[in-house]
Amino acid sequence: MQDRDTEFGEFLDSRAAVMRRTAYLLCGGDWHRAEDLVQTTLTKIYVAWPRIRQDGSIDAYSRKIMVRAAIDDSRRAFRRRESVVDQLPETPTYRGFDEAVDVRRALAKLPAGQRAVVVLRYWEDLSVEETARTLGRSEGTVKSQSAKGLATLRRLLGGVNHE
Amino acid sequence: MSDPDIKALLGRAVEDEPPLTIDRAEVFRRGRRKLRNRRFTEVGGVAAGVVVAVVGAVVLIGVTGQDPDRLTPATPSTTSSGPPNVTGTSEYPPQYEETGGHAATLTDAFRTAGLLPAGVDVDPKPGKPAHPYFIKAMGTYHLDVDLVGDDGAGALSVEVSPVPVGTTVTCDDLKPSAEASCSANRIDGTDVVLVEETSSDGRRSISTVAVHQDGTKVTAYVSNAKSGVFKPEGDPPLSTDQLARIVTAPELVWG
Chain A
1 MQDRDTEFGE FLDSRAAVMR RTAYLLCGGD WHRAEDLVQT TLTKIYVAWP
51 RIRQDGSIDA YSRKIMVRAA IDDSRRAFRR RESVVDQLPE TPTYRGFDEA
101 VDVRRALAKL PAGQRAVVVL RYWEDLSVEE TARTLGRSEG TVKSQSAKGL
151 ATLRRLLGGV NHE
Chain B
164 MSDPDIKALL GRAVEDEPPL TIDRAEVFRR GRRKLRNRRF TEVGGVAAGV
214 VVAVVGAVVL IGVTGQDPDR LTPATPSTTS SGPPNVTGTS EYPPQYEETG
264 GHAATLTDAF RTAGLLPAGV DVDPKPGKPA HPYFIKAMGT YHLDVDLVGD
314 DGAGALSVEV SPVPVGTTVT CDDLKPSAEA SCSANRIDGT DVVLVEETSS
364 DGRRSISTVA VHQDGTKVTA YVSNAKSGVF KPEGDPPLST DQLARIVTAP
414 ELVWG
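So the sequences go chain by chain: A and B.
Taking our numbering, the leading residue of the first sequence gets 1, the next gets one more, and so forth.
Taking our numbering, the leading residue of the second sequence gets 164, the next gets one more, and so forth.
Excised from the complex, chain A in its bound form:
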């Protein structure tokens, strides 16, 4: 238990912030939900730690858990008729705030599956093959969802300056 706690503690300290950014994008722009997702994911990693550490698959496992939890959570939110699109509680604090809001709104309008594909492919830099494996979908589905997701982002962000 001691080794598990020490090693896992180091992993948590080094990866939590990075995981939260990915979680934030996956859930369409809500820092509170992102932290919830990360906390759930970290708990599962703690339980599976000896096995996934031995396999050398910690990051892959954490991505898989987090992405699936995010998709399920989005579906639950949809069933509850809650919209994440309008939840922007943070206060503007910097010049690029409007652009960030636009990106968040655009992301939030993507279906959860497409959003996950876009985040894994273009934020986590996973290949089509790796993304398909993480999501448990075919490579063809990943390619089509990626194309649709990007098309939607282009349409929604047409007016944003990407310089």
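Think of the hints as simulated: they come from the structure by calculation, not from any bench.
Just so it is clear, CB atoms sit at the ideal spot from N, CA and C, and this is done for glycine as well.
Just so you know, not all the hints are guaranteed correct.
[Claimed, not checked] When the alpha-carbon atoms are kept at most 25 Å apart in a straight line, the in silico DSS-like pairs for lysine-lysine are as follows:
1. K299/B to K170/B
2. K288/B to K197/B
3. K389/B to K288/B
4. K170/B to K288/B
5. K299/B to K288/B
6. K170/B to K143/A
7. K299/B to K148/A
8. K389/B to K291/B
9. K170/B to K109/A
[As the list claims (entries may be wrong)] Partial pick of chain A residues on the chain B-facing surface, computed with a CB cut under 7 Å:
10. F11
11. R21
12. L25
13. T43
14. R104
15. W123
16. G158
[Unchecked claim] Examples of chain A residues lying across from chain B (beta carbon under 8 Å, computed):
17. D5
18. V38
19. L42
20. P50
21. Y122
22. V128
Given the coordinates of chain A, work out where chain B should sit on it, guided by the hints.
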């Protein structure tokens, strides 16, 4: 938009990142609780499996059957691909824990039954209630609290969950480690199994489980390690008798 453009675009969305407020101690506490619950759940699962075989009609975990906590780890990205080997259900634990409803009823019952002995107090945490309280999470009710007593300090976890009526537990079922001592007792008509364990890092713990006649399973665990403490000392804040009183309390009912 090229790939770098998209990455930069996504990066803009996270630029206004607030400070990280993930509760490190809570992650450890939940993780340890899930490890403990897995052992207890496996016990309940064996007993329940017998019932299912007899009745021949009930699916316990779900139609697709796999515990999402036991998802096969993803293959490292450097290996060749194969078909996805994950068939987990979409039923992940709720992201937002509930303290109302039956969780609140259990909280009241725990307090009014006086299950914390005199001289043992809650070690308060910022932003948390200063009394033991149940939450509904992962489909069962949990109470997790750090305690400080005259005889020691540590963490208490209690879980209330349902099992088929008639489920029993024994020391053999609990598979205590070689260093642990286990005893099975009958208290007020309820079978109670207690496991006492001391690990090499100084952690001393007592685990108890009881199945009430109505099918309510109550597990309780106390250790001398408060959340976030890795080198514990001294005794747990509750004795075996006090822990047994919690798991046999008729007030703790699944609902």
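Hints versus structure:
| no. | hint | result |
| --- | --- | --- |
| 1 | K299/B to K170/B | 38 Å, violated |
| 2 | K288/B to K197/B | 21 Å, holds |
| 3 | K389/B to K288/B | 12 Å, holds |
| 4 | K170/B to K288/B | 39 Å, violated |
| 5 | K299/B to K288/B | 19 Å, holds |
| 6 | K170/B to K143/A | 17 Å, holds |
| 7 | K299/B to K148/A | 38 Å, violated |
| 8 | K389/B to K291/B | 15 Å, holds |
| 9 | K170/B to K109/A | 18 Å, holds |
| 10 | F11 | 11 Å, violated |
| 11 | R21 | 5 Å, holds |
| 12 | L25 | 6 Å, holds |
| 13 | T43 | 4 Å, holds |
| 14 | R104 | 5 Å, holds |
| 15 | W123 | 5 Å, holds |
| 16 | G158 | 11 Å, violated |
| 17 | D5 | 6 Å, holds |
| 18 | V38 | 6 Å, holds |
| 19 | L42 | 5 Å, holds |
| 20 | P50 | 11 Å, violated |
| 21 | Y122 | 4 Å, holds |
| 22 | V128 | 10 Å, violated |
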